[in-house]
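Quick note, the sequences are listed as chains A and B, same order.
The first sequence begins at 51 in the working numbering and counts up by one.
The second sequence begins at 397 in the working numbering and counts up by one.
Treat the hints loosely; a few may be bogus.
Subject to a maximum C-alpha distance of 27 Å in a straight line, what follows is the list of computed DSS-like cross-link-like pairs (lysine-lysine) [to be verified]: (1) Lys415(B) <-> Lys91(A); (2) Lys415(B) <-> Lys85(A); (3) Lys534(A) <-> Lys85(A); (4) Lys91(A) <-> Lys534(A).
Some chain B residues close to chain A (C-beta under 10 Å, calculated; not the full set) [said to hold, decoys possible]: (5) Gly423; (6) Thr433; (7) Gln470; (8) Arg482.
Honestly, the hints are just simulated from the structure, not real lab data.
From the three backbone atoms N, C-alpha and C, an ideal C-beta is built for every residue, glycine too.
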Amino acid sequence: MNAIVVLVIGALGIGLGYGWYARRIDRDIVQPDPKKATPAKMYMDGVDFTPASRNVLFGYQFKSIAALGPIGGPIVAAQWGWLPALLWIILGTFFIGWVQDYASIIVPMRSEGDTFGALSYKLISPRARSILLIFIYLYLLLIMGAFGQVIGVLFLSKPAVPFGILSVILMGLLAGQMTYKWKQDIILTTVITVVVAFFGIWLGQTGFISGIFEGLNNALGAGGVKIFWPIVTMIICYLGAVLPIWRWAQPTNYVSFWIIALGMLGGVIGMIIWHPSFGDFPAFTGWSVAGLGPLWPILFVTIACGAISGWHSLVSSSGTARQIEKETDALPVGGGAMFMEMALGVISLLTATAATGGWDAFKEVYASGKFGVFAVGLAAFLSHIGIPTSFGVPYGMVFLTIMGLTIMYLVVRFMRVASAEFLGDTIPALKNIHVGAIVALILSLIVIWTGVWQTIWVLFGGANQMMASLALLIVTLWLMSQGKKYAWTLWPGVFMYVTTIAALGYTGIKALMAAFAGTKVTGNIIAGVVALALIACALILGYDGGKALMRKGEAVPAK
Amino acid sequence: MSGEEKGDGALKRFGRSAKEFLYGMAGHDMTRFALKTRGSMEHLFILITMGDLLGIPILPPYYSLRLLPYVVPQISTWKRRMLRERDLTDALA
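Bound-form chain A, shown alone (with noise of 0.2 Å):
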């Protein structure tokens, strides 16, 4: 198999999935009415309701989506070969994950921009929305922990990547302050900002800097470097979270938007210059792999941003759905970005079998770091464009990095505002957003010291996948509210339901053996209790969301 032929496919999948299907549905089901007046004009306040064109709502969309879940899984996936990986990712954006994207804008926006805590609410009943906000909980715990484990433990340690990363967000702060304090024009803040930031993830690599690290690394040992540098990853987070957004947050998540961009671009263009096969990687490897189980059902949650994501249902109904100028918006950019994803998913999984030039060196790479496998595949392709692979490797590590830092800040902030409003009667200490940050840290902490990655990255995708679900049903209800066809949301998200309960029981009662028999016993146990909460939470919202379908099936006709 060649990269391009993939690239062929992946290209058709899209065609036929947005071209077809999804136009199909937009106008025959849910008929958008570009006259018909969305939230975002009819309470314009210039705050949280604001008209944005579709391309610049597209482009907002595809970035608020868009972290480390669709470059990851695919990579982890690849162990049961390239072709289960890809059928799910083709197949799975296909039928389930434009879907989800595209219909948690609709309802939202024909909802006058309710969220999905309140539609949850009101339609299936008053003690969902509290479970659906619980399981949101948890469920961004696992992304800290999922994060904060790939970022702290894989990449910083490596003594090439620190000085990138100071790099970046120094230069982030210089945007801010730049933009906000000497108003400077953008383009120049631009340019300075990213070009010394690229300088920095060069030197960051020579002998000099990364020698640096590497005798503190030496001088930490195994152990203190997989305690260390959590720890700074951690506080960078935290500063993200409690400094004031366009002091640090959002200068640094603009400059690494462009280490990102030119990365990617010229990840492509390498890729397409280079055209590599596959080699003797194979299609499929068996049914099931050990460490991460059987194909069904952890593929389906191994890879989850990149064929279907809850996450996107979040960013979906709380921040595009109140901004959408028109009505007939809501495809263009929903279900574009989500196809966009798709896209951005295949060449990752790319990374992992075509960039790798075969089995044995992937399992090599994989070996290493699970991770590192991108940054070792993007490095190859770049290579094709000029690129040395000295700087390739660590700049590709810099990138996931500032990928998941970018979801982290946010992540962080929420946990926070949920502290404060779950237990700040309670505890009043956690209304002070020092003290919900440092909580928030602590908790993500001791995920990531005590969990075993497969294990946290699996439950964060079965906990994504599973929001994913519950937005299917909300939406669900909603068709039927409405009287609308509403078998092309009910089935992906019966599928998604049973599929993801069953991930979460395989992986947690794994782990609650493993930590019977004495294996990290900590982290497994956290692991397991997490996996069965979200489950017990999954099974409450289930039957309340089954009783409230039968309430809606009654008084509509089935469809």
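Mind docking chain B on chain A? Use the hints.
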């Protein structure tokens, strides 16, 4: 689409779309945040000065009346925003 936009060549339209897409990815969040900050400050100011409209008398009515003409254009959006039901998922917006 305006008449001028319709008359534009495909290349120009593509260029404009690409520019907007890039802005959406890189800068839209920053703009939204600046607008949110300004909006929140203005709404806080209206709450302090016109709180009586929501049953929260903070400032003596004399001063509220003096400020009223300046605040009138924003009262409807302010009331909607203050009274809109919110939950935690709003924090993700």
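Taking the hints in turn, this is what the structure says about them:
A C-alpha spacing of about 23 Å is found between Lys415(B) and Lys91(A), which places the hinted pair at or below 27 Å, so the restraint holds. About 26 Å separates the Cα atoms of Lys415(B) and Lys85(A), which keeps this hinted pair within 27 Å; it holds. With a C-alpha separation of about 20 Å, the suggested pair Lys534(A) and Lys85(A) falls inside the 27 Å cut-off, and the hint holds. Of the supplied pair hints, the one linking Lys91(A) and Lys534(A) holds, its CA atoms being roughly 25 Å apart against a limit of 27 Å.
Evaluation of the Gly423(B) hint against chain A yields a held restraint, the C-beta minimum of about 7 Å falling below 10 Å. With a cut of 10 Å, the hint placing Thr433(B) at the interface with chain A holds, because the nearest CB-to-CB distance is about 8 Å. Among the interface hints, the one on Gln470(B) holds; its C-beta lies about 9 Å from the nearest C-beta in chain A, closer than the 10 Å criterion. The interface hint given for Arg482(B) is met, as the beta carbon of that residue sits about 8 Å from the closest beta carbon of chain A, less than 10 Å.
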